[in-house]
Every structure is written in structure tokens, then in C-alpha cells.
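Chains as they are written, first to last, in my numbering: chain A, -4 to 116; chain B, 421 to 726; chain C, 447 to 735.
Hints listed in this document are in silico derivations from the structure and should not be mistaken for laboratory results.
Some clues are possibly wrong.
The list that follows gives simulated cross-link-like pairs (lysine to aspartate or glutamate, DMTMM-like), each with its CA atoms no further than 25 Å apart [said to hold, decoys possible]:
1. K96(A) / E513(C)
2. K640(B) / E513(C)
3. K732(C) / D658(C)
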Amino acid sequence: MKLTIDAKSPLPVYQQVIQAIKLEILSGGLRDNDPLPSIRDLAKLLRINPNTVAKAYYALEAEGFCEGRSGSGSRVKVPPGRQDGLRQAMLEGEFKGFLEKAATLGFSLDDVTHLMERTRK
Amino acid sequence: MSRKEWLEVGKQSLIFLLAMAAMNLLQVGLAGLLEGTPLPMEKIIILMGLWLLVFAMFLGLSPFAMDSKQRGLEYLLTLPISRRRLLSIKLLPRLAAVVLFYLAFVLLYSLSGQSPFAGGSAFFSLAYFALFFISFSLSLYHENFVVQFFMAAIAWCGYLALCLFVVQLGFSWKFAMPPSWVGVGVWHDLSYDISTLLSAIGVFLLLLAPFVASIFLVFKKFDLKPARAFNRRQLRLFVPLLLAALALSLGATYFVQKSTAQDISHSIVSKGRSTENVGSHHLRQGTGTMGYAFPDLRKLKFKILN
Amino acid sequence: MSQPIIEVRDLSFGYSQKKVLSGLSVSFAAGEWAVIAGRNGVGKSTLLRVLAGVLLPDSGTVIRSAETPPQKIGFISDRLSLFEEWAVGRAIDFHCRVFAAGGFDDRLLRRLGVGGRARIRDLSAGERAILHLSLVLSQKPSLLLVDEVLHMLDPYIRELFVEALIEAMAPSPRESGTTQGAAVITVNHTFGEIERLPDRVLVMEDGTFAIDETPEALRGRMKKVVGRQSLPDSLPCRFKRTEGDYKEHYIYPFREEMREGHALEFQDIALSEIIKAFIGGGYEQKRMA
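Isolated chain A, as found in the complex (with noise of 0.2 Å):
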């Protein structure tokens, strides 16, 4: 699992922690059912703070991502149907700031799709 925390980013360590895990779903790394690190190993893996992991998978487990079983950890659970939606999502977030970025550098649209093109090939 790549998993690493930005601390100059503006999001918030235990945002940047649900969309790490989110993606890791998504991208197929974490199977259903698969467990999840336990909030001690993953605050010790990533040296945060053991309240943000708990925040974190809170609510990943209120947006139907996990489920915690007391005693053995929290699991992850792949909601049905929600994964095209929530990957639409984020491909999204990232091209925005892709498209932001290349403004300030002072491209235009056109710009930006011939580049697309041009990667492509």
C-alpha cells in the first residue's frame, strides 16, 4: 500500500489517509474482506497521530468502506456500485487540480488536450 502523508498539503492528515485507503480499494490493492491495519500499526506506519487514524476509519466506515469488528480490527468492505461513482470522483478531484495548475502556468484548454495527445502517444 503507498501511503504516504503531505504535510504541507492543505487537506487534512485524516482526509489525505481516507482517500490513501479509498484508492487503495478502488485500484483493486485492498479486497473485500481484506483487514485492515490496525489504527496502532497504521499511526506507527505513517507516524501520525493515532486519533486521526481512528477519525479516519470512522468514517470511512460511515461512507460503507470498512466495518470495524471490536477485537479484530476493522475490515474492508467494497460497497457494490459505488466504486465507479467514487472513482469518477476522484479521477475528477485530480484533473481539476491538474487544469489549475496549467492555468496558472498560463495555458489554455487547446493547450492541454494537445498535450493530452501528445502523451498518448
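We have chain A; now place chains B and C onto it with these hints.
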């Protein structure tokens, strides 16, 4: 925690014993080498007495010195032990050592043929215990051991002078003082008679109380702040306590001496010169050797018979 | 939020003439990680010592909850105070006995190769810190007070140390018998490793806390503007640095409305930079006063 303290004190006592033994062996050995005679038992005992005083002072000043300056002391204060209990834990093993050594000394003294209650012995005993407690009450005065040493020595001398002054005063209120007390020889025979002995003990204890009370009461507020604040607080408690103790002890000696004075002065007056001669004869003889226990009893017998 | 694990009300403390803490009131919740920052000598270590009971306040009260009896408070001073002359093994026995600790976990010490016979006096700063931490963790504390020690540690030991603190906050129920982790209050100058760790950042100034908020909130309240131009007076600048032509302005307190009013790029900055700017601003104000 107490185990640590007992072990520490035990170690220190052992070292002291070895030092004492070494000293004795040394002087015997030296005498043998130089083909002189080893010191007479009396002198040895006096020397040992001095060592004992030094040791009492050391034990009194050392409880916090060993917790090397700030670091150990800081750790000590984080332990889940109340301040008051901490102080008692520090006090107990050291007091035990002081008492033990005293008893051993008394034993040695009597084994060597001397009466342990003669001459200045009462004074020595009281001064010995007082030195320990006074040193203990000053054990947090300063980080520097030398400064503490001088402070304790000065306090102790001042305390002894005060005690003797009070006893003398009390005695002078009753009648003419014993000849041996001329020139502040009062320390010489505090066991002059039972009442003097008791009032002397009382005075010494009363005047010691402010020292002990001040540290135990103020220690509750002990922390890592520089000693100055703590000392000031201790002093502020100590001074009024001392004045109170002084007043009390003066009053006590007056009453004790006054009530017994009449009986004794009666007996002396009625028996005339004979009694006094007997008394002074014994006084002259009894410089540090055969005890006053016997003249005491004799005086009492007189009193009873009369 | 349930009852705070430790609370301080109207605390004042001074060393002879100098007043260090004045009228400070703060409370800490169970299981939270709070970082106390501030310039040198402002009173962070003093506050920590008062919380630990090593220093007694001149006035005000320290209220400890029922879950934090003295046995359950772990304190690591910036002097790493222990009995110098003792061997490690003896110190461990003593500590566990006095604090009635269940057992001692020597994993960390073993990782550093510190044996029971080593004298504490001879240990390096890092080894000492790990020893101290191990001792304190054996108490299964509900409150950990850690003064500024991280800067003394080499990177490897620093990581071990921080990991151990994280673990203390999230104990496995099997090992500790409780699910509530320790609250951690640290005093820090350096923020590298612990940038993402605190739940709460408190910055001390003039005897009380000038800042007391979550890192996210704090990062929303200070932004940096870099450029050659001078800043309009309407923007509150806490601290300014000049490097040749370029000026760095640290805007505090920042509000989102400022973005509209000014065509400036307000940069997000990391926690360590925020703290540094805040402290720097404090020095500047003192200079101008």
C-alpha cells in the same frame, strides 16, 4: 524507596566503622613502631566520640546530597511518594544508625571501665543527638556540602550555647551554682542531680524542636526552586518556634529547679558544711571518671531522710 | 468531552523576582496529544514541571482526574533526571517497584544494545532518553509529560522514541488491559518528525497561551506571502523576513476574506514554520516595545 535508603546508610555506616577501626589500628601500630605507648583508653574514647559526632553530622547533612544535585532530586520528586513520607524515609535509617552507634559507644565506654553517665557524658549524648537533628534540618540549605557543614556547625554551637545558658539560668534562679559550673563549666555535669538532668534533657529537646518542626512542616512545599525560597520559608517558621521554645524552656527550668531547690537547699543548710564538703569532694574527684550517679543518690538519700 | 485528565486553573509561578506563569488556565483531555511551543525561557518546561508535581505553584490549582494518580503520570524532564550512579538494571527494578508497574518492556533497550549493568552516567543522551521512556511506559501511564528531549536524539533513536509515544497513545487491549491510550503533552522546539502528530498546538507567550488550537485550524490562521512588494497595512503581519529584494510576510491572524481583497498568493505553510514565525514575531514586538 526505603530499601534504597537503608542500603545507602548501611554502606555509609560500614565505611565509618572501617575508618574507626583503621584509626585505632593505626595509632596502635604507630605507637608500636615509635616504641611509644598507645593512647590511654580515655583518649581513644574521646577520639571515638569526636568521630561519632562527625558521623552524626554527616548522616544528618547527607540525605539529599547523595541524590546528586538537581538531577536525582528531580527524579525523586516525580516518584509517587508524598513529600512527608519522603522525608521520613530519609530520616528513619539515618536515625537508626545514629542510635545504634550511640548504644555501641556507650557499651564500649562502660566496658572500658568508665561510667557512661559521668561528667560531660550527659552533655555529649544530648549534643550528639542534637547535632544529627540540626544537621538534618539543614540538609536542604545549600547545594554545596562545605557551606552546609559550616552552617550546621554554627547552628549547633549556637544551639548548645543557648541550651547551657538556659540550664544555667534555671539553676542560678534556685541557689548558688555548683563550683564546677564556674566559668561556664555547666556542660560538665548536667547530671548533677536528677532534677538538673531531667530539666537539661527537657531544655535540649525543647530547643531542638524548632529545628525538626521547621523542616518537617516546610518540606511539604519543597520543590526544585532554588533553595533560597525554601530557606526563607523555613526560617520564617523556625524563628517564632525557637522563641516559643526558649520561653517554654526557661519557664520549665525555673519551675523544675525551683521546686527541687527548696528541698535541697534545706538539706544543705540544715546539714551545714558536712554535706557541702562531701559534695565538693566528689565534685573535685569526678572529672570525667567516676560518675555522679552515686553522689546523686547520696543527696537524694539525705533529702529523703530529712 | 468527558472530564479532563489534567487541568490547571489560574496558575501563577515565578522564580524569586521573575514571574514565569501568570494566571494560566488550561485543561487537557484524555488521549490527546498536545504540543507546547514557545521561545526559549518562556516557561514551557516550568509548566510541565508544575503538571508533574516537581514544582509547586505559587498560586492557582492543578487538578488531576481520578485516572491520573501520581503512579500514572510519566514525566521525562529535559534533564533526563535519574539516579546517576545506578546501573540500568537497578534503576529498572527501583522504578517498577516504586510505581507498582506490572512489567518492564525492554525491547527498546535491547534494540540499542543497552545492558542491565551499564551505568546510567555512562549512557549517551539517546540511550538515556530511551531508558527513561521505557521506565515511564512501564507505569502504563494515562498522562505522559515529555519535555524537549527530541532534539538531543540521533535520527534513529528519535524515530524509536516517537513510535513508542504513538504506541502509548494506542495501546493494544490485550497488552494493557485498557482501551484508553495515554494523553501526551510534549514540549517541542523542533517539529520535523512530529509535524503531523499533535491534536493540539499551544504556544506560550508572556506567561499564558497565545495560541491554543488544532494544527489544521492554526494552519488556516497563518499564511505566508512572498514577494518583492510591501504588504498593505490592512493585512496583519506577525513576522517579516527580508532576503535581499524578497520579503517574506507571515500573515496572522489570517481570514479567508483576505484572499478576495488582495491579489496576493497566500501560501500554506507547515507547522514548524508557523511556530517559528510566531516566536519571531514575539521577539520583534519585544524589540520595538
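Outcome of the hint check:
1. Among the hinted pairs, K96(A) with E513(C) is inconsistent with the structure: their alpha-carbon atoms are about 51 Å apart, more than 25 Å.
2. With a C-alpha separation of about 24 Å, the suggested pair K640(B) and E513(C) falls inside the 25 Å cut-off, and the hint holds.
3. At roughly 21 Å between alpha-carbon atoms, K732(C) and D658(C) fall within 25 Å of each other, so this suggested pair holds.
The structure is inconsistent with hint 1 alone, although it conforms to all the rest.
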